[in-house]
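As given, the protein sequences belong to chains F and G, one line each in that order. Residue numbers for the first sequence follow UniProt numbering, so the first one is 1 and each next one is one higher. Residue numbers for the second sequence follow UniProt numbering, so the first one is 1 and each next one is one higher.
Take these hints with a grain of salt, some might be off.
Any copy, or any two copies together, can satisfy a pair, since identical chains are not distinguished.
[Said to hold, decoys possible] Listed below are the simulated EDC-like cross-link pairs for lysine to aspartate or glutamate, each with C-alpha atoms no more than 16 Å apart in a straight line:
(1) K322 to D23
(2) K322 to D30
(3) K78 to D230
(4) K2 to E35
(5) K2 to D314
(6) K226 to D21
(7) K78 to E35
(8) K322 to D124
Think of the hints as simulated: they come from the structure by calculation, not from any bench.
2 protein chains.
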Amino acid sequence: MKRLDTTQPDFRAQFAALLADRDSDTARVDGPVTEILAAVRARGDEALCEFTNRFDRTRVTPATLRITEAEIEAACAKVPTELLAALEVAATRIESFHRAQMPADLRYVDGAGVTLGMRWTALDSVGLYVPGGKAAYPSSVLMNAIPAHVAGVRRIAMCVPTPDGVLNPLVLAAARRAGVTEIYRVGGAQAVGAMAYGTATIAPVDRVVGPGNAYVAEAKRQVFGKVGIDSIAGPSEVVVIADANNDPRAIALDLLAQAEHDPMAQSILITPDADLANRVARAVATELETLPRAEIARASWDAHGAIMTVRNLDEAADLVNKIAPEHLELMVDTPEPVFERVRHAGAIFIGRYCPEAIGDYVGGPNHVLPTSRTARFSSGLSVFDFIKRTTFIEAQAESLREIGPAAVSLAEAEGLDAHALSVSVRLDSLMHAHNGA
Amino acid sequence: MKRLDTTQPDFRAQFAALLADRDSDTARVDGPVTEILAAVRARGDEALCEFTNRFDRTRVTPATLRITEAEIEAACAKVPTELLAALEVAATRIESFHRAQMPADLRYVDGAGVTLGMRWTALDSVGLYVPGGKAAYPSSVLMNAIPAHVAGVRRIAMCVPTPDGVLNPLVLAAARRAGVTEIYRVGGAQAVGAMAYGTATIAPVDRVVGPGNAYVAEAKRQVFGKVGIDSIAGPSEVVVIADANNDPRAIALDLLAQAEHDPMAQSILITPDADLANRVARAVATELETLPRAEIARASWDAHGAIMTVRNLDEAADLVNKIAPEHLELMVDTPEPVFERVRHAGAIFIGRYCPEAIGDYVGGPNHVLPTSRTARFSSGLSVFDFIKRTTFIEAQAESLREIGPAAVSLAEAEGLDAHALSVSVRLDSLMHAHNGA
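Input sequences plus hints: build the corresponding full structure.
Laid out in structure tokens, this is it:
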């Protein structure tokens, strides 16, 4: 963990180093991924099963690729009632927020009498990638599938690898609750290829979303264009802005909740209170003594964690804009001015009773958020990932007479004569009609 | 041009062939692009100038990369007044539509007392790629830059190659009108690299947009993640749905306006009227005799053009949903039912006096639209490309007591103990406070 202080002369250099310390390029896996995608595209189910059986140590065939209703039923029956109830709380709240997020269509008539507008429509089908094994998170299934369902997508296909054939019951329960319409026991680049190009068993989808390892990310990058993809997730981060009036242990746990995800995760405390800074540093050390995932969390905290002391909260907000963190907690007496000053953050958690983990499960907004400083230009997953716009214009003769001549001039200037003629032939016909009348 | 008829037994096969006939992969240029990007990243301006001078036959230096205010001024002075007026009509209408498109923030308090919402904020900076030479379209400058300006982006950098050192005055006039803040005389993958990674002269941007050739498209694909990009444009298309009550020449010109862009463009007429079909086919042949860009238009029409006769307009709309065209014209007596039935199209032009070329210049909605069937999952350029969402949650003690326990259960089920503890430590403190009271 690094200690930074904005009043120190070397702060700028240290801050720049902190921003850059996770910037290294991820391992390039283009070659193998290109081969896997080409094989799946050419040989479909056959290649898909080969790769799956090799990488996941399973024995799937085209006939068993799809997880059956009976298997899903049996898996759901294994989930404790209390956990199903928790899942229901989460699902209901996520659904409700994403409903509120649905945008309205636009339609108006302007001064030239032209009707203008845009209409939102849902995608026909999406493919949801869910990581398997240790990183199989039922909450991520809810967060990826519910927005698609709320958006009105009719077909939601899900791929989840089952290493050694093991199904995760809570993942299947989450998929059923979230409105997933079909589930396949495949993962990796081959699953992305199957969803993008289609096989005899898996019909192609229009967009592939969901987190995955480097192979999955590269596969999404390569199929982009053929289908839509969501943003490619990198190591994630949290910034906690806190004043003196806080329990150091709560802050320490918030920082560690981020750190326990991944050794590459980054947790940063920014505070105007040097005493709180010290107390949180000690509390982190204490918690690391007993935390089950201490190994991962310590690796992250040691390499990428930071505590920064600042002169005031304006300075804190300005630093946040440079970090553009995935998550931001505002644990201060008057959060509004900081909230207003922050321009770049994936999600903001306001108040001392609103830890980021609430947002991971039951807050309502999506927990799939822009990582690694991409909040500068991108947004979390939402219903907007599953709908698209069609703009429209309706013009009658009078309107064309008003705006048409400018189009003719510009088309001629661009050397596109058929464009110009397609407008002028109509203007001419109006003139003749007028003269004839 | 192909003639299809939905009443014929071979229609399905012919329609499938039509959909697939432009599906071939574009030439792979990953290797050279990777090298260019690496060079620009490592050697900045020096590499940028080297590539530019080699490919564009120019003699730029870091000191002359940026087009000066005086040069822009001089270029604008060369544009005829009538053309500046046409540009102004276009710019005003584009601005007005994109203002109407700006979404509202969301904020509400739910039943559990949690404040939820999402806030839209603009990107800090964007890079606009503008093709040079023959394909330098001032209208595209307006269509790319105005939405960024309306969205509130402060810094709009533009790169345009100047082959043999030639500047396009109308492109510079459009850039000035649209709110572009800086212009550089560079193009190709090297321009994309400069905007993504930054050089001593060109500060890095957050998102790169704009059309380009295969090298530009591949460069955008490779920098994706480091910066945002817009969708990668492929060959474009128009579908015209027309009933008997139309001037065949107007329709022919609409089809050719698409065809004159590119030999890979696709123009399709769908009509229930066999007589109109024949008359349009003849009108296209007639227009091709005199059209200045007949060579390109004929190549497109011969290879990819189609006229389909259908039983009725419902059938026409269903075919459109399979094509998911970039542009759709509805030249029928009652367009509403077709409009309602179409789910996938980039932009729709309604009425006999609303040719697609109106949308290219002065309609108002964007002319940068999803091509090559990607309207299935993506949308035209818009203010949404230049803003992003931050979601937020604010919870007080009472709300945490209501929703927190479900978060603890799910976090424990996922084996993320710090997540669970970060919530339960706050729930515990509330219990103690309550007991103590």
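Go through the numbered hints given earlier and state which of them the structure violates, listing their numbers in rising order. The structure breaks hints 2, 3, 4, 5 and 7; every other hint is satisfied.
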